[in-house]
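Q: So the protein sequences, as listed, match chains A and B.
Once you know that position 92 of the first sequence is 99 in this note's numbering, the rest is easy, because the numbers rise by one and skip nothing.
Once you know that position 59 of the second sequence is 61 in this note's numbering, the rest is easy, because the numbers rise by one and skip nothing.
Incorrect hints may appear among the rest.
[As the list claims (entries may be wrong)] With a straight-line cut-off of 27 angstroms between C-alpha atoms, the simulated BS3-like cross-links for lysine-lysine are:
(1) A/K48 - B/K44
(2) B/K71 - B/K60
(3) A/K27 - B/K44
(4) A/K62 - A/K73
(5) A/K73 - A/K27
(6) A/K21 - A/K48
(7) B/K51 - B/K115
(8) B/K60 - B/K44
(9) A/K73 - B/K44
(10) A/K62 - A/K27
(11) A/K71 - B/K44
(12) A/K21 - A/K71
(13) B/K115 - B/K60
(14) A/K48 - A/K62
(15) B/K70 - B/K44
(16) B/K51 - B/K70
(17) A/K21 - B/K60
(18) A/K48 - B/K51
(19) B/K71 - A/K48
[As the list claims (entries may be wrong)] A short list of chain B residues far from chain A (calculated; beta carbon distances all over 10 angstroms):
(20) L46
(21) A56
(22) K60
(23) E66
(24) K70
(25) P81
(26) V116
If you are wondering where the hints come from, they were derived from the structure by calculation, not from laboratory data.
Please read all numbers here as calculations on a predicted model, not as lab measurements.
Backbone N, C-alpha and C define an ideal beta-carbon position, used for all residues, glycine too.
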Amino acid sequence: GAVVSQHPSWVICKSGTSVKIECRSLDFQATTMFWYRQFPKQSLMLMATSNEGSKATYEQGVEKDKFLINHASLTLSTLTVTSAHPEDSSFYICSARDWRSGGADTQYFGPGTRLTVL
Amino acid sequence: AQSVTQLDSHVSVSEGTPVLLRCNYSSSYSPSLFWYVQHPNKGLQLLLKYTSAATLVKGINGFEAEFKKSETSFHLTKPSAHMSDAAEYFCVVSDYPTSGTYKYIFGTGTRLKVLA
């Protein structure tokens, strides 16, 4: 139980294009999902908290118009990187809360998406 | 504010020897503490979680951690390292008691290297 998937696992795009990353909870409903960014050999940086049916809460310094988050259902959250530039290249990881299996504050992580912007 | 400190950025052990990854926390409340493992280019996998039910927490793959309030520590141990244990390990505290959100506060990570 508590499996989170991400799609795609890796993507290469040209500068100026937009890229959408999907995060799905496969066997549970997730009212809250989180989006992280990880630079090489560093810890995870929380970008935003995604709540089903409401606007995402962005962390300080994260451009909400640049990183669009939609949590339209209890099993799907999407992150769209708009007008991507090489500095947006990174490893993006999502997570979801599953209070049934791990308690209210346990997050289960997706496998990550490697974005490379040329 | 809550925080976690992972005392070692790198740890090297020989295969078959014990593993000790150190984590200290700072919290005004009874914290929820976690250990996660991340293999290269992968997401994070939950190893174990402390929620005040028992101070010694057993996790997957033979790992365990002991919550010591007097030392504000939550060190991760394994009796015998396996080559497959080589990965990045993160100590995490839930920020729920402080902020009312379910955000995680991450340690900086410890890279475990297992020597043949």
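Q: All the hints need checking, so say for each whether the structure fits it.
A: Okay, the hints, checked on the actual structure:
Straight-line distance between C-alpha atoms of A/K48 and B/K44 comes to about 13 angstroms, which keeps the hinted pair within the 27 angstroms bound. A threshold of 27 angstroms between alpha carbons decides the hint, and for B/K71 with B/K60 the separation of about 17 angstroms falls inside it, so the pair holds. At roughly 19 angstroms between alpha-carbon atoms, A/K27 and B/K44 fall within 27 angstroms of each other, so this suggested pair holds. Under the criterion of a C-alpha separation no larger than 27 angstroms, the hint pairing A/K62 with A/K73 is consistent with the structure, at around 15 angstroms.
Straight-line distance between C-alpha atoms of A/K73 and A/K27 comes to about 12 angstroms, which keeps the hinted pair within the 27 angstroms bound. Among the hinted pairs, A/K21 with A/K48 is consistent with the structure: their alpha-carbon atoms are about 25 angstroms apart, no more than 27 angstroms. For the hint linking B/K51 to B/K115, the alpha-carbon distance of about 23 angstroms falls within 27 angstroms, and the restraint holds. Our distance criterion of 27 angstroms between C-alpha atoms is met by B/K60 and B/K44, whose separation comes to about 23 angstroms.
Distance restraint check for A/K73 and B/K44: the Cα-Cα separation of roughly 25 angstroms lies within the 27 angstroms cut-off, and the hinted pair is therefore satisfied. A distance of roughly 17 angstroms separates the Cα atoms of A/K62 and A/K27; the hinted pair therefore holds under the 27 angstroms criterion. For the suggested pair A/K71 and B/K44, the alpha carbons sit about 26 angstroms apart, so the restraint of at most 27 angstroms is met. With a C-alpha separation of about 21 angstroms, the suggested pairing of A/K21 with A/K71 holds against the 27 angstroms cut-off.
Annotation: proposed proximity of B/K115 to B/K60 holds, straight-line Cα distance about 22 angstroms (limit 27 angstroms). For the given pair, A/K48 sits about 31 angstroms from A/K62 by alpha-carbon distance, which is inconsistent with the 27 angstroms threshold. Proposed proximity of B/K70 and B/K44 is contradicted: the alpha carbons are some 30 angstroms apart, above 27 angstroms. With a C-alpha separation of about 14 angstroms, the suggested pairing of B/K51 with B/K70 holds against the 27 angstroms cut-off.
The suggested pairing of A/K21 with B/K60 is violated, with an alpha-carbon distance near 46 angstroms, which exceeds 27 angstroms. With a CA separation close to 24 angstroms, the supplied pair A/K48 and B/K51 stays within the 27 angstroms bound. Proposed proximity of B/K71 and A/K48 is contradicted: the alpha carbons are some 30 angstroms apart, above 27 angstroms. Not every Cβ of chain A is farther than 10 angstroms from the Cβ of B/L46; the closest lies at roughly 4 angstroms, contradicting the non-interface assignment.
No Cβ of chain A approaches the Cβ of B/A56 within 10 angstroms, the least distance being about 14 angstroms, so the stated non-interface status holds. Residue placement check: B/K60 keeps its beta carbon more than 10 angstroms from all beta carbons of chain A (closest about 15 angstroms). With a least beta-carbon separation of about 17 angstroms from chain A, B/E66 lies farther than 10 angstroms from that chain, consistent with its non-interface assignment. For B/K70, the non-interface assignment is confirmed: its Cβ lies about 21 angstroms from the closest Cβ of chain A, beyond the 10 angstroms cut-off.
Every CB of chain A is more than 10 angstroms from the CB of B/P81 (nearest about 25 angstroms), matching its label as outside the interface. The non-interface label for B/V116 is consistent with chain A: the shortest C-beta to C-beta separation is roughly 18 angstroms, beyond 10 angstroms.
Violation of the numbered hints given earlier is confined to hints 14, 15, 17, 19 and 20; the remaining hints are satisfied by the structure.
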